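Undergrad: Residue numbers (my numbering), protein chains in the order written: chain Y, 1 to 421; chain C, 1001 to 1434.
Everything labelled a hint here was simulated from the structure, so no lab data went into it.
From a predicted model like this one, the values you see are computed outputs, not experimental measurements.
Incorrect hints may have been included.
[Unchecked claim] The calculated BS3-like cross-link candidates involving lysine-lysine, where the alpha carbons are at most 25 Å apart (straight line), are: (1) Lys295(Y) with Lys1076(C); (2) Lys1136(C) with Lys22(Y); (3) Lys1003(C) with Lys295(Y); (4) Lys295(Y) with Lys1136(C); (5) Lys1003(C) with Lys22(Y); (6) Lys1136(C) with Lys326(Y).
Residue-level listing of the chains:
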Amino acid sequence: MFNRTEVAEGVSIFTRKTEQFKTVNFSIKLKRPLNTVEAANRTVLTNVLQHSNQAFPTAAALRMHLDDLYGTVLYLDTTKTGNDQVVLLNVETVNDHYLKQGNVLKQVLTLMNKVLFEPNLTEDGYFQPSIVEREKEMVIERIQSVFDEKSRYAQKRLQEIFRPNHPISTSVNGTVEAVQAITPQSLKQTYEKMLAEDLVDIFVIGDIDEEEMVAALKEAFPFKGRKRFEKAPIPTSKATAAYTKETFDTRQGKLHIGYSTPVTFEHEDFPKMQIFNGIFGGYPHAKLFMNVREKESLAYYCSSSYSAQYGVMYVMSGIEQENEEKAIRLIDEQLEAIREGDISDLEITQTKAMLKNQLKEALDSARGQIELFNQYRDLKEPFTVENMSAKWDAVSKEDVVRMAKQLNKEAVYFLCGEEAE
Amino acid sequence: MEKIHFDQLEETLYHETLPNGLDVYILPKQGFSKTFVTFTTKYGSIDRSFVPLGEEEAITVPDGIAHFLEHKMFEKEDGDVFQKFSEYGASANAFTSFTRTAYLFSATNHIEQSTNTLLDFVQQPYFTEQTVNKEKGIIGQEIQMYDDQPDWRVYFGSIENLYEQHPVKIDIAGTVESIDGITAEHLYTCYNTFYHPSNMLLFAIGNVDPEQMMETIRTNQANKTFAEPQPIERIVVDEPKEAAVSNRVLHMDVQKPKAYVSFKAREVSLQGIAMMKHELAIELALDLMYGRSSDFYEEVYQKGWIDESYSYDFSLEEGFGFAMVGSDTAHPVELQEGVKRVMNDAAKELPFTQEDLDRVKRRKIGFTLRALNSLEFIANQFTRYKFNDMNLFDIVPVIEQLTIADVERAMTSITGESQQSTFTIEPLQKEAKA
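Pulled out of the complex, with its shape left as it was, chain Y reads as follows:
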């Protein structure tokens, strides 16, 4: 799908030429192991780098330049994958082809170089203290805003209880305390370390000339070689409480449940667990939707999601406070039914069809192509829709029963509204 060129040790360029999109998409990924202090520094760093740089020393100057480049989208962000954290520089720009005047692409490459390699520093070589302070506030506000959206907050609380001191509950934004401790100096160290040591993957997709693009990217991103590091194993961690209830001033109760499974992304049973998840709560034909919502009218949403990289599954639902016990019982019953083999051929057919469709649809977007390719590239076989489909097709009812039996309910979190006075 993508053609790989290794330009230095630990630095790769992935290109794909396609006429499918009216834009060209870039994604630069800088990866290293996850820890809270570095996560905080890297998140603030991404904000600072996207604020301004030497060539465009104010936010307004940088934004105006992007406007001039036909509203080119450029942003930095941090994400985590397994035990690692990734700094992203994502850029999407129009293809010159659709414009009356050309040459936008070249200017965009120049700008990407400036964003990463010519930051806005003071004379003594540190980041501008006023910008650092302002962006620290922005990140702190981002961390705190989770509280205001109660379903997000409930999921965060479940993860803290379910997997303490673990990548699952380690935020890519760090903690408020870790962000507060950041200085222009600590940020500079993080920045230099990132450029020198992180594993670098550069993706580009669009109607491009691949050879020319590789040459242009080598020039725009003059990364030196660096040591490769192996994926660190996911640490073990146990839930601190099987049941937790917390009260807030809200109308709807939020029920979140965490399950563990030995089946992770690399495990040979991964496609089977995907089918199980689809039948349990992944789709509108799933048991959770059909029973908790359609049959019992208890909820507007009740679904499961499978986080394969950590080998965990979640169920979440928004319910009336007094229906808590009933909802928990109904959810348990759906899992029990699958364990007992109460699965129709139709449910299996539907789930396989939905998974295949979803995968093909994801490949219809440029970002989807980059992310799926990146996610599956470590698997032994080449990633194709046909390979994945064949694996799903081979899954039997007995396999699904076996998957259900491997699911271990570890933590229930209920965010409850205040009792009526």
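Based on these hints, arrange chain C on the given structure of chain Y.
TA: Using the frame of chain Y, we list chain C on its own:
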């Protein structure tokens, strides 16, 4: 079948109006494996007072009924329609807005079957008192979910502030109390009035053969009978130009206040190309006044009055329109005063030049081209534009032609001080709890 080509965008659109009045548009897209189909009626939450089909007296139905009807379309005598779509690997969904109800699916296979399923389930209503009552619990939870979302409350609270009479002020899903009054008979009345093919539009886009798709739809429709189309009589309310309420505060369990300023639009009667020009001109004016490269943004960023939740936008439909600017902020009053000051100053003297305008025009053209990568965007927006007699694919040429004089003229729709309102969500008084 009519064939419309857009040279600069390299797109070809196919169109046919069927004998029953249904408008069908098909846009093949090379390189995509997915097909996305929407089937939309020009009927939304604001259509609460109307003359039912075949009757003479106007009625007012319970709030939230268009959305309730959308939910109930999915349930049939032989079960849930989602099940059928799932069998074909198709993801189905629906949404209700102020002015539209859309049913849709996306799929990479069995497109013909899913298209027939879509047409059939939307054109075969099945409502009983029992199924209607069952749905009240589900929608009740949906309403409560939104009630707990401060971003939704600040958005809707702002609209509520602006309007005195117009039903845009009523929450799309209604309230737990209003939906309790909905009956199967209400649903049939609304269905029969607003779901006639002549009030609907089907849009298919993606990996699709236009001839074959059109034939599938023609055949499906030819097998059904519909009443003669009649013009729909909606009852229009008299709405003052001024904001109904100038300021309101709501307390919720949040960490930081949320502060919004809303501006009620005076010009809400345009349709067609004039509406597109007007709407784009106001959006560009907002970009210049409140965008990330504006002086205002720089100022409030420096002062710490905004965070990453800062946003602004403009909505316009026939009969109502509003602009909004807001953010989570520890300084709600200062931010709101600042937002108003920018608008009031702009009303006195235009604070930008043709050069500034050209810059944001380029940005908007780029945004539009990017959005045209998305099948969902094209299908949904094409329908919305068409219902207002506009064509989505005219956006780029219309932006290119806009002048500073156009922008100055359009802005007068939202610059009056009496048209402004503020809405704030404040954290709860914690001490009262102890």
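Undergrad: Confirm or reject each hint.
TA: Here is what the structure says about each hint:
For the proposed pair Lys295(Y) and Lys1076(C), the alpha carbon gap of about 14 Å is at most 25 Å, so the pair holds. Taking the CA atoms of Lys1136(C) and Lys22(Y), the gap is near 44 Å; set against the 25 Å cutoff, the hint is violated. At most 25 Å may separate the alpha-carbon atoms for a hinted pair to count; Lys1003(C) and Lys295(Y) exceed this at roughly 47 Å. With a C-alpha separation of about 12 Å, the suggested pair Lys295(Y) and Lys1136(C) falls inside the 25 Å cut-off, and the hint holds.
For the proposed pair Lys1003(C) and Lys22(Y), the alpha carbon gap of about 22 Å is at most 25 Å, so the pair holds. Proximity of Lys1136(C) to Lys326(Y) is assessed by CA-CA distance (about 18 Å); at most 25 Å being required, the pair is judged to hold.
The earlier numbered hints that this structure contradicts are 2 and 3.
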